[in-house]
Amino acid sequence: MAEQESMTLILFSGDLDKALAAFNLANTGAAMGMRVDIFFTFWGLSVIEKGRHFDRGRKSPMQYMMGLMNGGGATSRKLSKMNMGGVGTRTMKGLMKRFKMPSLTEGIAIAREQGVRFIACTTSMAIMGLEEKDFIDEVDEFAGAATYLALATKAEVSLFI
Amino acid sequence: MAEQESMTLILFSGDLDKALAAFNLANTGAAMGMRVDIFFTFWGLSVIEKGRHFDRGRKSPMQYMMGLMNGGGATSRKLSKMNMGGVGTRTMKGLMKRFKMPSLTEGIAIAREQGVRFIACTTSMAIMGLEEKDFIDEVDEFAGAATYLALATKAEVSLFI
Amino acid sequence: MAEQESMTLILFSGDLDKALAAFNLANTGAAMGMRVDIFFTFWGLSVIEKGRHFDRGRKSPMQYMMGLMNGGGATSRKLSKMNMGGVGTRTMKGLMKRFKMPSLTEGIAIAREQGVRFIACTTSMAIMGLEEKDFIDEVDEFAGAATYLALATKAEVSLFI
Chain A
202 MAEQESMTLI LFSGDLDKAL AAFNLANTGA AMGMRVDIFF TFWGLSVIEK GRHFDRGRKS
262 PMQYMMGLMN GGGATSRKLS KMNMGGVGTR TMKGLMKRFK MPSLTEGIAI AREQGVRFIA
322 CTTSMAIMGL EEKDFIDEVD EFAGAATYLA LATKAEVSLF I
Chain B
202 MAEQESMTLI LFSGDLDKAL AAFNLANTGA AMGMRVDIFF TFWGLSVIEK GRHFDRGRKS
262 PMQYMMGLMN GGGATSRKLS KMNMGGVGTR TMKGLMKRFK MPSLTEGIAI AREQGVRFIA
322 CTTSMAIMGL EEKDFIDEVD EFAGAATYLA LATKAEVSLF I
Chain C
202 MAEQESMTLI LFSGDLDKAL AAFNLANTGA AMGMRVDIFF TFWGLSVIEK GRHFDRGRKS
262 PMQYMMGLMN GGGATSRKLS KMNMGGVGTR TMKGLMKRFK MPSLTEGIAI AREQGVRFIA
322 CTTSMAIMGL EEKDFIDEVD EFAGAATYLA LATKAEVSLF I
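Residue numbers (our numbering), protein chains in the order written: chain A, 202 to 362; chain B, 202 to 362; chain C, 202 to 362.
Since the hints were derived computationally from the structure, they do not count as laboratory data. Take the hints with a grain of salt, since some may be wrong.
One copy or two, either will do: identical chains are not told apart, so a pair holds if it fits within one copy or between any two.
Within a straight-line C-alpha distance of at most 25 Å, the following computed SDA-like cross-link-like pairs (lysine to any residue) qualify [said to hold, decoys possible]:
hint: 1; residue 1: K251; residue 2: A344
hint: 2; residue 1: K298; residue 2: R236
hint: 3; residue 1: K298; residue 2: F343
hint: 4; residue 1: K334; residue 2: E357
hint: 5; residue 1: K282; residue 2: K294
hint: 6; residue 1: K334; residue 2: E314
hint: 7; residue 1: K282; residue 2: M302
hint: 8; residue 1: K301; residue 2: A232
hint: 9; residue 1: K334; residue 2: G289
hint: 10; residue 1: K282; residue 2: A344
hint: 11; residue 1: K251; residue 2: E307
hint: 12; residue 1: K355; residue 2: E204
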């Protein structure tokens, strides 16, 4: 029996357009029978955050500030270009709705239904001042670059987005 | 006989510097005997657009606006950084000319001569409000992520630019 | 005996966050026994520059200007987002120090100790107006895309950062 093909995506960017591209690739790959792992790192962590969290908790002032700056959650992502104070992002969201394309939130749900695995990068989490409880429940694993590389060396396709 | 090696590039960016990097890789690979497919998606579609098109046609107001914002054509691409109102882009173009390096337009022509294949992403086209007639004649195929992944899983090198 | 696994990274970006991600991947891979080659191109060249160099030498006015704009050296890299006049970059550097994570300069040193190879892209050097003497001594090779592709086609993982 042929081995299952696989793809690993590093989602470094927290921009809406790049996140949509990542989930389009991930969901298409999963639909084709591939194993897909997404490694969320740096700004990409914001895509799987629970949403903006102002809880101060045990965070240091520096971590609190990074949390504020990063401003998480899938629904608050913006275009990398042409955001124009939100007009560009809203225009694109409108077109996507009209063409019945999945929003980012829907893309995440489809990915989970199809078994796409979510890994949150622990190194970036520390830098960004984020803890496990700041993420949506769908995260499969909290791990570092070694876990990613063990998957990537076996994968047919690996992309840094 | 050894199988032909291949490379797939996703050109997501519409920035001049990233497009030049993509065509440098593509043309070098093709010169080395590799099969090269470039999958133009999102802002990268602007690189193979016919040029700024103000024709309203059957476009919705939203699609028209996205078309205006994206502002296509290889000659109007700008640097991702240090554009400085066009000064940086012009300076770089001057240096490239002086060192007899191919411009982006020349890079596209060389790619075509060498058989590099151009695929325009249909999903992004809908989001950006673009139709087949908006693109240069050199596009080989209009297709989605499944077509890309079928190529990428067979390729030795796949990059997201 | 199994062949050594390998990874090639194109570091196109000169942003602090992306450079840190590249060195985290490179150093983790090298620690796992992989051969790692980093191909520094375009803005990424700034990471291995000796530092801001105002020496005019035989540079043309255009090359001089590109040199000024690019502003090299590992210690002067900034975040791609949320730099906020330096506050974001300083905040992140503070958190990294607190969590005892290697700075970019330390990441470069660790990479060298582990045998990660540094290749500077000669095509980009000409465009940016840079010469061999502008780089740190740790560069192994000055070469173009053909050298990169010869490595990438043999590598298990290749990423464009």
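Each hint tested on the structure:
| no. | hint | in the structure |
| --- | --- | --- |
| 1 | K251 - A344 | within (18 Å within a copy, 34 Å between copies) |
| 2 | K298 - R236 | neither (28 Å within a copy, 36 Å between copies) |
| 3 | K298 - F343 | between (33 Å within a copy, 21 Å between copies) |
| 4 | K334 - E357 | neither (33 Å within a copy, 34 Å between copies) |
| 5 | K282 - K294 | both (14 Å within a copy, 22 Å between copies) |
| 6 | K334 - E314 | within (22 Å within a copy, 37 Å between copies) |
| 7 | K282 - M302 | within (20 Å within a copy, 28 Å between copies) |
| 8 | K301 - A232 | within (18 Å within a copy, 41 Å between copies) |
| 9 | K334 - G289 | between (32 Å within a copy, 23 Å between copies) |
| 10 | K282 - A344 | between (31 Å within a copy, 24 Å between copies) |
| 11 | K251 - E307 | within (15 Å within a copy, 33 Å between copies) |
| 12 | K355 - E204 | both (11 Å within a copy, 14 Å between copies) |
In the structure shown, a violation is registered for the earlier hints numbered 2 and 4, in ascending order.
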